[in-house]
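If you want the building blocks of each chain, they are given just below.
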Amino acid sequence: GQQLNQSPQSMFIQEGEDVSMNCTSSSIFNTWLWYKQDPGEGPVLLIALYKAGELTSNGRLTAQFGITRKDSFLNISASIPSDVGIYFCAGQQGGSEKLVFGKGMKLTVNP
Amino acid sequence: NAGVTQTPKFRILKIGQSMTLQCTQDMNHNYMYWYRQDPGMGLKLIYYSVGAGITDKGEVPNGYNVSRSTTEDFPLRLELAAPSQTSVYFCASAGASGTEAFFGQGTRLTVV
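Going down the list, the sequences are from chains A and B.
Numbering of the first sequence is given in the numbering used here, commencing with residue 405 and proceeding in unit increments.
Numbering of the second sequence is given in the numbering used here, commencing with residue 53 and proceeding in unit increments.
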């Protein structure tokens, strides 16, 4: 089935640093989403992107829908300890009722 | 507002046993999904439903069954549990085009 390539797989950063992650596909997607999963919880939607080139912010988070519609990026600025978790990208292709998920990026923030 | 509620949170099954994972949502969403999450493997779609009475297979449906008799409920049935079904199971729902999915807290299932 369709897969999203998410990188990096994990990151260890110091509190206050910025972190970037991306998600790529060989196919075009009409929608890109970014989720965060805390330990023992279900994923929570952070940002949804609907238009190629769109740049959207949610507090310290900024995400972009790639111009080619085959990729998306998420940036977290000035990281804090509660940013720890697994970040997933997800995409939806035109005409599909389903989301395809990346394998996730595990973020560790050292205080 | 409860959102998506899954029960139970934890369960241990013996090989060959059966069980039903319950999922209910109170957001009047048409779309509902079941995913399984294995370590380092992301979320894989088991089954989904676009409305009451309609279900369809996802990426990994073997060994599972679903039904959707109401808008609110979307139970997942395991008939003959196998060790390969040890995983964390998430139910999700979405409105409109099925894009912005809301997840439950998950059911951690171990088959021994």
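It cannot be assumed that every hint is accurate.
Among the chain B residues that face chain A by a calculated CB cut under 7 angstroms, a handful are [to be verified]:
id, residue
1, 78
2, 102
3, 105
4, 106
5, 155
Below are the DSBU-like pairs computed for lysine-lysine, each with C-alpha atoms no more than 35 angstroms apart in a straight line [claimed, not checked]:
id, chain 1, residue 1, chain 2, residue 2
6, A, 510, B, 96
7, A, 507, B, 61
8, A, 474, A, 510
9, A, 474, B, 66
10, B, 61, B, 96
11, B, 109, B, 61
12, A, 455, B, 66
13, B, 96, B, 66
14, B, 96, A, 474
15, B, 109, B, 96
16, A, 455, B, 109
17, B, 109, A, 507
18, A, 455, B, 96
19, B, 61, A, 510
20, A, 474, B, 109
21, B, 109, B, 66
22, A, 510, B, 66
23, A, 455, A, 474
24, A, 507, A, 474
25, B, 109, A, 510
26, A, 507, A, 455
27, A, 510, A, 455
Sample of chain A residues facing chain B (criterion: CB under 8 angstroms; computed from the structure) [claimed, not checked]:
id, residue
28, 455
29, 457
30, 505
It is worth saying that the hints were derived from the structure and are not from the lab.
In this text, a Cβ means the ideal position worked out from N, Cα and C, and glycines have one as well.
*Please name the hints from earlier in the document that this structure breaks, with their numbers sorted from lowest to highest.*
Structure breaks hints 1, 3, 4, 9, 12, 28 and 29.
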